[in-house]
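Residue numbers (numbering that gives the first Met the number 0), protein chains in the order written: chain H, 0 to 382; chain P, 0 to 386.
Among the hints, a few may not be true.
Restricting the straight-line Cα-Cα distance to at most 16 angstroms, the calculated cross-link-like pairs of lysine to aspartate or glutamate (EDC-like) are [what the hints assert, rightly or not]: (1) K50(H) / E345(P); (2) K119(H) / D354(P); (3) K366(P) / E319(P); (4) K89(P) / E114(P); (5) K86(H) / D268(H); (6) K229(P) / D280(P); (7) K358(H) / E131(P); (8) K50(H) / D5(P); (9) K75(P) / E103(P); (10) K332(H) / D280(P); (11) K295(H) / E334(H); (12) K271(P) / D283(P); (13) K222(H) / E319(P); (14) K88(P) / D108(P); (15) K343(H) / D219(P); (16) K50(H) / D274(P); (17) K328(P) / E131(H); (18) K50(H) / D283(P); (19) K229(P) / E291(P); (20) K346(H) / D219(P); (21) K190(H) / E4(P); (22) K229(P) / D283(P); (23) K329(H) / E114(P); (24) K222(H) / E345(P); (25) K90(H) / E378(H); (26) K285(H) / D268(H); (27) K50(H) / E337(P); (28) K381(P) / E81(P); (29) K50(H) / E225(P); (30) K190(H) / E291(P); (31) K229(P) / D159(H); (32) K358(H) / E130(P); (33) K343(P) / D219(H); (34) K363(H) / E321(H); (35) K329(H) / E85(P); (36) K332(H) / E291(P); (37) K332(H) / D362(H).
To be clear, the hints were calculated from the coordinates, so they are not data collected in a lab.
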Amino acid sequence: MRRPLEGVLVLEFCQFLAGPSAGLRLADLGARVIKIERPRTGDACRQLSIKNLFVNDDSLLFHTINRNKESYAADLKNADDLVRLKKLISKVDIMIHNFRPGVMEKIGLDYTSVQEINSKIIYGVVTGYGNEGPWANKPGQDLLVQSVSGLTYLSGSDIDGPVPFGLSVSDIMCGNHLAQGLIAALIKRAKTNQSVLVEVSLLESILDVQFEVITTYLNDGGKLPERSAVKGSAHSYLSAPYGMYATTNGHIALAMGDLKLICSIIDCDITDLYTDANSTFENRDKLILRLGETFKHQNREYWLGLLESNGIWCAAVLNYREATNLDVYKSLKIEQQLNLGDGKHIKTTSSPLRMDGNKLYADKPAPILGHHNVGINEEFELN
Amino acid sequence: MRPLEDYLVIDFSQFLSGPSASLRLADMGARVIKVERLGVGDICRTLYTSNLIMNGESSVFHAINRNKESFEVDLKSEEDCEMVRELLKKADIMIHNFRPGVMERLGFDYQSVSEINSSIIYGEISGFGNEESVWRNKPGQDLLLQSVTGLTSLTGNADSGPVAMGLSIIDMLTGAHLAQGLLACLYRKAITNEGGLVQVSMMESAYDFQFETITTFMNDGGALPERSVKNNANAYLGAPYGIYQTQNGYLALAMGSIPVLGKLLECEAMLKFTDIKEAYDKRDEIKAIIAEHLLTGTTEKWLSKLEPADIWCADVLNWEQLMAHDGFKVLNMIQEVEMLDGYKYETTRCPVRIDGELLTSSKGSPKLGQDNEKIIKEFNLKSIASA
């Protein structure tokens, strides 16, 4: 199979997660991605570890985000390195960066300058909050962007105060949006043969994630979301039974469904709380509590068996150990192994996409800092 | 010129995952025709959130399906199927998110469609995979996907029990992944004129979302993520990472050295945590100290001490506060769109800018079947008996 982006060459002047996750997606789709990194330290993510996990000299986190790429060490403040980089830029299809506004202008690698070197460049920029306005120079960090975006008032229950998503969701969505924009730009360039500028920001991306609920807010007289006061509720805009319920041995999740039918199946009396379909919104908290009273008396398997056999949308709430032991996890072949050489391997996830029926596996590990300098200098005649 | 100008997308999908992908393609310039079931349409039209009905339909339907056309057909009628096949001959992309087997029965599976249009790009979303999957017949619903993939063990505090992310995040990710795959194939088609098949399951997208934490889990001897007792924002990060209550609101703190923060905040008790490892190992103790201290001052006070020192921190806003702020206004994130009948509503725009242009579009969502006549005429399809 020819991977769709085969032959596309990408330079990644990015650190941390948003930009590099876009680079990773392009790499799995067939592009060749070269990280441009500062000599000696490289992408700051190399030293950003979680739970102090390192593989060789770099954090496991860095390995996860930067597999299937090459590394070229260059000092953007060194004139000789800059000459080499400009030569390299003249030969690539895409370059992406996530410096704060103004940095690339100072170095002379901003979009306008780069167009003069390469009139067909696709130039991708990631910022925290866009290029203008009072937030343009704030640090584009995931938790902070979540915090100003209103997102923290959607999860958990209302007594919790703001509850952030427990993952770098703005970074990840922004990386996804950047990848979309860059590939769309490739399509545009195939027609026009001219350079294209693609810009995304963490804030715009996390607002896009909220597009359904923000649209509801904008057209509902500015009524703010009201989370349930009850533990386990899962969506401030959806009615009962939507949520998670404790059983004797763990939780089950119930999606939207016919509440009266569900209650008759599990033998839970809600006649005092239910007059018509509107009651599922109006009495949401009381209904969730009432259902909880019934669910707590039997185990997870009992309820799932009963509900599933009646066609009700439900699932077990699992932790990583249980989830990665599911047959379906194995049959979808979610894991892949990266080959570090010297007999070492790292297990990680593979691309979520299948192309022409094939998984997009790639066992190439993250690069050692500057590992490809010699080869790239030679191949592109940079010296 | 928008990147996808002149491309035609035929979208059979419902709810959020598939339609969010076609919305992105529409904003990038493609023409998107929703193929909807006679009399009912996309079920999302009646999937209400907060009981809000806008011009007869749900707010989420309007958000997801603006900038599209609607072609109402009965896929059980041979005549209508024939029209859809004619339309597919002209299409660049087709999308669906039916459960495995449905399109085979209807005769619109990849094999059949590629026989009538060999360069079509066929996009397919499933909940848990197709024939290879033991769960292929389970419903691909967002909360259920969050629940079975371990995602609910990451948000909230240690004693919160499972906490879902409060919107359909897996649907949106799956849609974003599908859009990437379709775009990549469209690029390949522009170069080689080949079609292609793009498949993504919500389960694989859910794990891709968790690629950092699940990789950590796989290489850490199977230790489960542990959320901090209070102020948790990431199970794998140390103090101060989290949101804290202040005298008059909240303050978000990202990474930062504990003693440096202690000095800036004038909090004596923080100064002793000089070993960088303590930020993780003693995070509950440290977070409790920070939480108590931050209650003694206003958010503005703390920001005025931390921001000049370039500490990563922010106020915590709700939508009302956000939308009143110049930092939001300057983005021009809200656009007004108009339906054919003149009904107007506000919604967000596409988050990507291309060549400095905001990819806005004033076209609102379609009423069921509103474009039948136009499409039949334009593509020279036979008239529908029921029209």
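Structure-based check of each hint:
1. K50(H) / E345(P): 44 angstroms, violated
2. K119(H) / D354(P): 13 angstroms, holds
3. K366(P) / E319(P): Distance ~30 angstroms between K366(P) and E319(P) Cα, so the pair is violated.
4. K89(P) / E114(P): 13 angstroms, holds
5. K86(H) / D268(H): 74 angstroms, violated
6. K229(P) / D280(P): Cα-Cα ~15 angstroms, so holds.
7. K358(H) / E131(P): Satisfied, since the Cα-Cα distance of roughly 12 angstroms is no more than 16 angstroms.
8. K50(H) / D5(P): Roughly 50 angstroms separates the two Cα atoms, so the pair is violated.
9. K75(P) / E103(P): It holds: about 13 angstroms lies between the C-alpha atoms, which stays within 16 angstroms.
10. K332(H) / D280(P): 34 angstroms, violated
11. K295(H) / E334(H): Roughly 35 angstroms separates the two Cα atoms, so the pair is violated.
12. K271(P) / D283(P): Holds, at about 15 angstroms.
13. K222(H) / E319(P): With Cα atoms ~9 angstroms apart, K222(H) and E319(P) stay inside 16 angstroms; holds.
14. K88(P) / D108(P): This hinted pair holds, its Cα atoms lying about 14 angstroms apart.
15. K343(H) / D219(P): Given that 16 angstroms is the threshold and the Cα spacing comes to 15 angstroms, the pair holds.
16. K50(H) / D274(P): Holds. K50(H) to D274(P) sits at ~15 angstroms (cutoff 16 angstroms).
17. K328(P) / E131(H): 10 angstroms, holds
18. K50(H) / D283(P): 15 angstroms, holds
19. K229(P) / E291(P): 12 angstroms, holds
20. K346(H) / D219(P): 11 angstroms, holds
21. K190(H) / E4(P): Answer holds: K190(H) to E4(P) is near 10 angstroms, not above 16 angstroms.
22. K229(P) / D283(P): 7 angstroms, holds
23. K329(H) / E114(P): 33 angstroms, violated
24. K222(H) / E345(P): 14 angstroms, holds
25. K90(H) / E378(H): 11 angstroms, holds
26. K285(H) / D268(H): 12 angstroms, holds
27. K50(H) / E337(P): 51 angstroms, violated
28. K381(P) / E81(P): At roughly 9 angstroms apart (the allowed maximum being 16 angstroms), E81(P) and K381(P) satisfy the hint.
29. K50(H) / E225(P): 11 angstroms, holds
30. K190(H) / E291(P): 60 angstroms, violated
31. K229(P) / D159(H): 10 angstroms, holds
32. K358(H) / E130(P): Within the cut-off at roughly 14 angstroms; holds.
33. K343(P) / D219(H): 13 angstroms, holds
34. K363(H) / E321(H): 28 angstroms, violated
35. K329(H) / E85(P): Status violated; Cα separation ~40 angstroms.
36. K332(H) / E291(P): 46 angstroms, violated
37. K332(H) / D362(H): 14 angstroms, holds
The structure fails to meet hints 1, 3, 5, 8, 10, 11, 23, 27, 30, 34, 35 and 36 from the earlier list, while all remaining hints are met.
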